[in-house]
Amino acid sequence: MKISKYNILRKFDGRTVFFNSMTCALAIVDENFLKVIKDIENDEYDERKYDAKLIEDMKLSGCILDNSFNEISELSYRRNLAKYDMTHLGLTVAPTLECNFRCQYCFEKHLNGYMSEDIQTMLVEFVKNRLTVGKRFSVTWYGGEPLLAKKIVYNLSEQFLDVCQMRNIEYDAFIVTNASLLEETDIDYFKKYHINGAQVTIDGPKAVHDKRRRNITGESTFDRLIDRVNLLLNNGITVIVRVNIDKENIEQTDELLDTLMMRIEKHEKLKIDFGQVTPFTDICKSIESNCYNNEQYADVMLPLYAKVNAHGFKNNKMSIYPTLRANFCSSDYANSFVVDYLGNLYKCWNHVGNKKYSCGSVRSFGQDVFSSNYIAAVEWNPITHIKCNQCQYLPICMGGCPDAMNGANGEPVCGTIKYNLENVLEYYYRELSDGGANK
Amino acid sequence: MSFIVLPDRDAIHYFDCNAKCNFDCWRFGICDSKRSWFDAY
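From first to last, the protein sequence lines are chains P and R.
Counted the way the working numbering counts, the first sequence spans residues 1 to 439.
Counted the way the working numbering counts, the second sequence spans residues 1001 to 1041.
Keep in mind that the hints were calculated from the coordinates and are not lab data.
Using N, Cα and C, we set each Cβ at its ideal position, and we do this for glycine too.
A partial selection of chain P residues facing chain R, derived with a Cβ cut-off under 10 Å: (1) PHE18; (2) LEU26; (3) ALA27; (4) ASP57; (5) GLY62; (6) CYS63; (7) TYR428.
Could you build the full structure based on these sequences and the hints that come with them?
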């Protein structure tokens, strides 16, 4: 037997806590566990000497492995399985880049225009071609503000559903919206067109939110958004309230959580997700001084999620528990694309509307040689990068954001988990173990 | 050895789930597969 290179052991309250980043198992262990490890290190391992259940659990947790087992190869194999799985198509569709908000940190150019009927027709053909072996099709409606183009959203949804029903393909959709344009009548369309979840950004209590997420006419949006979140949740649609965090609004999160607890009727169903404001493009460079980098954000994010749980938002218990990543995001997954209103394709949400980063068009994708932008995104492989290959956090980080790497001279930008894993493990030890101090 | 969080060794289920995502759907709470895993806690 040998020991996994992804074992992490820490002491909390005098107890030894074990984590394995290949399986994300977390356990309290004793001297019998440590004896097995020591025996393997000293080449004195003899399975007959130990409790059979202990050995079974140590194997299950990924802690100990057969000598022939190559963890990096398995990671690579699993990653390839996910990455080149063509049975699923993921599309993020921006039917317009226009927006009725002018958020101070927005990274997009709000180009004028809506997806034409011709482009819609070509997009549906593109979908048919990409689903030749498809079993599942997931769409995220994006923008700009997608509800400025709700007719297009519903028209495309109708056609996507037709394609899926004819071919017996599962279909689901999600929407990233500021929600200000959501009407009661849209709920029936959401249900009909399988828009099962929505992300709505509320950046703080009323004064803070309204300052950061201005309506184009300068009106307050806070009360309207609270009302729209209730409308969605009360109709069984999943809502993630996104709170974009930087140095300007972090101090007001308690007040926001108090307000959400008070004013969201089904708060037990609410998901809350904190986003790290990042100056992705030149358009939002002006807010750079307010932003946290990954290392700084790692310090502040755990207390934020702890507050969410402490406030009693029960649907968020495991939000920051590390999870195994096969591939990082849409960027390095072969059958996932972002589409703008002109039919241009991208691999990354941050690039939408910026033709320089386009990886093709719905008019011609796949008919010609795949573009260099497409190949570069899909073929990015942290496993072959020396910094990541040697890293204990690789299975739960997978090289960090590929777009951030582009701005760092091709060097991977480590995810926050690299900087706060120990604190995260201590938090979950305290939250979930029988002897945890937070019980 | 007392598990606090069980190992996620159900690789096909798990990675199939990951492959299905065009972004981190489990983080956003809309992935039923992942939710069932998390609901154990």
